[in-house]
Amino acid sequence: MHYQVSRNGQMYGPYTREDLQRYVGSGNVLPTDLAKSDDMPDWIPVSQLLGYTTQAAQPYPPAPAQDTAANPYPPSAYATSATTAYPGPPNLHWALVLLITVITFGLFMPIWNVVVSIWLQKVQPNSKALYLYIAAYVCIIIYGGALIPIIHAVMLNPGTPPVIPPTFSLFGLLGLLSWVLRLLARFMERSAILEHYHGPEQLPLDINPVMVFFFGGLYLQAVLNKINRLKHNPHAY
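238 is the number that my numbering gives the last residue of the sequence shown; the numbers go up by one with no jumps.
Hints in this document: simulated from the structure, not taken from any laboratory.
Misleading hints may appear alongside valid ones.
Unchecked claim - Cross-link-like lysine-lysine pairs, in silico, DSS-like; alpha carbons within 30 angstroms at most:
#1 K129 with K227
#2 K129 with K232
#3 K123 with K227
#4 K232 with K123
What the hints assert, rightly or not - For each label pair, taking beta carbons as the anchor points, the in silico distance ranges come out as:
#5 Y132 with Q203: 38 to 46 angstroms
#6 P159 with L185: 36 to 44 angstroms
#7 N127 with M2: 27 to 35 angstroms
#8 G28 with M2: 41 to 49 angstroms
#9 L206 with K129: 19 to 27 angstroms
#10 D40 with F215: 20 to 28 angstroms
#11 P210 with P126: 18 to 26 angstroms
#12 L184 with V103: 20 to 28 angstroms
#13 L184 with L108: 15 to 23 angstroms
Just so you know, even glycine gets a beta-carbon here, dropped at the ideal spot from N, CA and C.
Using the sequences and the accompanying hints, generate a full structural model.
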């Protein structure tokens, strides 16, 4: 079932009950906002609809007829308070991320990907990028573990070709799977960032999918740097 939300004469939605629970939890929808489905005769507070209070609330009259414009995003009339309530993105400059990654032989980027995905889950709880990154790095660890005996054999017998077990090709698939999982995680981050900043925080933002594919975390970090500039200066677009 879908519900419209009314606040200060403005209509938003439609949202599912799960959407309303998520947006109330993040502060994007207020418990005092009014909600109504097509099957409901009267508008009632969102808190009453979701069962957040046992105190019966009196039904509110329907919203004025002229307020029929629908907004696909949560109410933003409270943008001043809601925007400041969200934690800002990790703001390490993308060039510095690249430099540290090079210095650490690639070890820093996985750590930074996890840091960014943890932040994103706080502002957009439906993001599953963190779990994809974890699965991807588990695959890398397993794949790396399979390489250790081969590398060890090469170091002990430099002139002798290493004996590669027949099952090693299966471990090789883990490397490919890890790459696919990381790619999916980045595009999931892209979707969650757009959903959040086109919705609750209302920032003018575009994320090029081609750039995400080719430059991955570095490009997304450049986007996060831009978001921090926009949050401090909305006219800096």
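Hint by hint, here is what the structure shows:
1. Between K129 and K227 the alpha-carbon distance is near 23 angstroms, which keeps this suggested pair within the 30 angstroms criterion.
2. Restraint check for K129 and K232: the C-alpha separation of about 24 angstroms stays at or below 30 angstroms, so the hint holds.
3. Taking the CA atoms of K123 and K227, the gap is near 19 angstroms; set against the 30 angstroms cutoff, the hint holds.
4. Simply put, K232 and K123 have alpha-carbon atoms about 17 angstroms apart, close enough for the 30 angstroms limit, and the pair holds.
5. Against the hinted window of 38 to 46 angstroms, the Cβ-Cβ separation of Y132 and Q203 comes to about 28 angstroms, which falls outside the hint.
6. Hint check: P159 to L185, Cβ distance near 39 angstroms, so the stated range 36 to 44 angstroms holds.
7. Range check, N127 to M2: about 19 angstroms between beta-carbon atoms, so the 27 to 35 angstroms window is missed.
8. Distance hint for G28 and M2: a CB-CB separation of about 23 angstroms, inconsistent with the stated range 41 to 49 angstroms.
9. Here the CB-CB span from L206 to K129 is close to 21 angstroms, well matched to the stated 19 to 27 angstroms.
10. For the hinted restraint 20 to 28 angstroms between D40 and F215, the CB-CB distance of approximately 48 angstroms leaves it violated.
11. The supplied range of 18 to 26 angstroms is met by P210 and P126, whose beta-carbon atoms lie about 23 angstroms from each other.
12. Between L184 and V103 the C-beta distance comes to about 21 angstroms, which sits within the given range of 20 to 28 angstroms.
13. The hint said 15 to 23 angstroms for the Cβ distance between L184 and L108, and at roughly 20 angstroms that hint holds.
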